[in-house]
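Number of protein chains: 2
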Amino acid sequence: MTQLQRRRIPDAAVARLPVYLQILNNLANTNVLRFSSDELAALAGVNAAKVRKDLSYLGSYGTRGVGYEVTYLMYQIKRELGLMREWNVVVVGAGNLGCALAKFGGFAARGFPVVGIVDIDPKKIGQITGLLAIADARELGNIVRDQKVKIGAITTSSAGAQSAADALIDVGITSILNFAPVVLSTPSSVSVRNVDLGVELQILSYYEQMRAESGDSSQNSQKLSHVNA
Amino acid sequence: MTQLQRRRIPDAAVARLPVYLQILNNLANTNVLRFSSDELAALAGVNAAKVRKDLSYLGSYGTRGVGYEVTYLMYQIKRELGLMREWNVVVVGAGNLGCALAKFGGFAARGFPVVGIVDIDPKKIGQITGLLAIADARELGNIVRDQKVKIGAITTSSAGAQSAADALIDVGITSILNFAPVVLSTPSSVSVRNVDLGVELQILSYYEQMRAESGDSSQNSQKLSHVNA
DNA sequence: TGTTGTGAACGCTTTCACAGCT
DNA sequence: AGCTGTGAAAGCGTTCACAACA
Chain A
4 MTQLQRRRIP DAAVARLPVY LQILNNLANT NVLRFSSDEL AALAGVNAAK
54 VRKDLSYLGS YGTRGVGYEV TYLMYQIKRE LGLMREWNVV VVGAGNLGCA
104 LAKFGGFAAR GFPVVGIVDI DPKKIGQITG LLAIADAREL GNIVRDQKVK
154 IGAITTSSAG AQSAADALID VGITSILNFA PVVLSTPSSV SVRNVDLGVE
204 LQILSYYEQM RAESGDSSQN SQKLSHVNA
Chain B
4 MTQLQRRRIP DAAVARLPVY LQILNNLANT NVLRFSSDEL AALAGVNAAK
54 VRKDLSYLGS YGTRGVGYEV TYLMYQIKRE LGLMREWNVV VVGAGNLGCA
104 LAKFGGFAAR GFPVVGIVDI DPKKIGQITG LLAIADAREL GNIVRDQKVK
154 IGAITTSSAG AQSAADALID VGITSILNFA PVVLSTPSSV SVRNVDLGVE
204 LQILSYYEQM RAESGDSSQN SQKLSHVNA
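So the sequence lines, in the order shown, correspond to chains A and B. Our numbering applies: residue 4 is where the first sequence begins, and numbers increase by one. Our numbering applies: residue 4 is where the second sequence begins, and numbers increase by one.
What the hints contain is simulated information worked out from the structure, not anything from laboratory work. Heads up, none of these hints are tricks.
Note that the list lumps identical chains together, so a pair holds whenever it fits in one copy or between two copies.
For lysine-lysine, the following DSSO-like pairs were computed, each having C-alpha atoms within a straight-line distance of at most 27 Å: (1) 151 with 81; (2) 127 with 106; (3) 56 with 81; (4) 126 with 106; (5) 127 with 151; (6) 151 with 106; (7) 53 with 81; (8) 106 with 81.
Between the sequences and the hints, there should be enough to build the whole structure, so can you do that?
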């Protein structure tokens with residue numbers, strides 16, 4: 004008991020920390036030094052109490068009567084989220100989206116370099132996309148091992164997504180970003196985040212219809228919603 | 004009181020209905036006629052009680068002792084989500100992502116045709132992307148009015164996202180799919196869904212770090228997670 | 001005085017467990 | 001006998017409200 008186990012932050016709070024981080028980054032670029040929970044709350048579109056609770060999971064890093072220091076809080080959030088290091092990513096499926104992710108430098112800039120892209124189509128294997136050559140899917144194990152990859156992105160067709168997931172899990176991947184519109188069957192030890200624009204649009208459609216039906220001016224905004232929640 | 008107001012489905016359930024629909028679609032394609040809450044639960048990676056509660060918000064469309072009919076349930080979900088009609092979409096920001104969305108036929112196939120794409124860059128205006136010519140952002144109002152657009156997708160840079168949102172709201176849009184990594188400031192009558200891969204990766208990073216720190220085999224899967232919640 | 005940090009209250013979501021039908 | 005539909009209980013997440021403190 005009383006094991007020195009790490010404080011586990013509630014899932015809902017974890018999902019908001021990256022958003023706070025983004026905002027603090029903007030504040031830092033504008034040379035803002037301090038902020039109060041009220042200010043961050045307004046920028047994030049949430050309640051000030053929620054901001055304080057969320058930040059309190061990191062520790063007590065604010066100063067009563069004053070607020071929080073931008074750079075110090077950024078450091079703490081990054082530390083907690085595991086962003087003090089880079090996380091190599093491998094992309095499975097070299098279609099339009101897969102290649103776009105491989106070319107797009109934005110991930111690397113955020114600390115998630117794409118270090119490999121694989122496909123099973125012999126016609127694609129060997130082609131160059133951005134800085135990477137498309138590798139044979141059978142190389143997945145080697146890539147993951149050699150480059151210490153911890154995160155896999157699935158950009159295959161729906162039909163191929165489950166075998167892509169199986170292959171990733173087989174080589175030891177425990178974090179998957181899935182762009183295929185299917186529900187992956189994975190062991191509970193694996194974290195999966197689904198990015199499905201169809202699902203997002205259908206959710207919007209529901210609220211849009213509600214507005215249309217019930218005399219208009221209703222209220223259902225989802226400020227901090229993220230694909231999945 | 005006792006207004007004949009439409010049953011409001013809890014947000015958490017609304018977010019799962021599109022996933023069920025997807026799965027039922029697959030079942031229908033495999034000529035499956037009926038399913039039980041247990042079966043759908045297994046395919047969706049959730050609990051059977053949750054499936055029954057979720058479906059019960061649509062009405063009592065199952066048969067005790069038997070299960071649910073695939074096609075009938077699909078119809079009911081579509082009706083509830085507002086998918087019996089098409090929802091035209093306008094894209095603001097003709098960069099890589101914006102053009103990809105305009106070209107990609109997948110949305111139209113799902114009932115969300117992109118009927119317009121605009122930008123403020125004079126160099127881009129007039130260029131053809133897919134079936135559409137990139138229009139001047141000042142045409143937004145006309146496009147929205149003429150094509151009865153109800154959903155806007157923001158694919159501008161972070162810097163341009165807020166003004167894109169303001170412009171959309173100005174012309175009466177109440178549903179926004181935002182791809183820019185910023186929190187939009189919008190009235191509460193507008194529904195916003197954010198798709199931010201950076202946020203998704205950082206969430207994965209957190210759970211990955213947790214696994215690394217606390218002796219490995221932990222458990223935190225997020226089967227039905229979707230960008231944002 | 002002003003703002004944090006947090007127990008306590010509240011409300012939403014999930015799960016349980018079983019009555020009610022077929 | 002089998003599976004749905006649903007009250008009731010349990011579990012989370014959010015918000016309140018205020019003590020603690022710079």
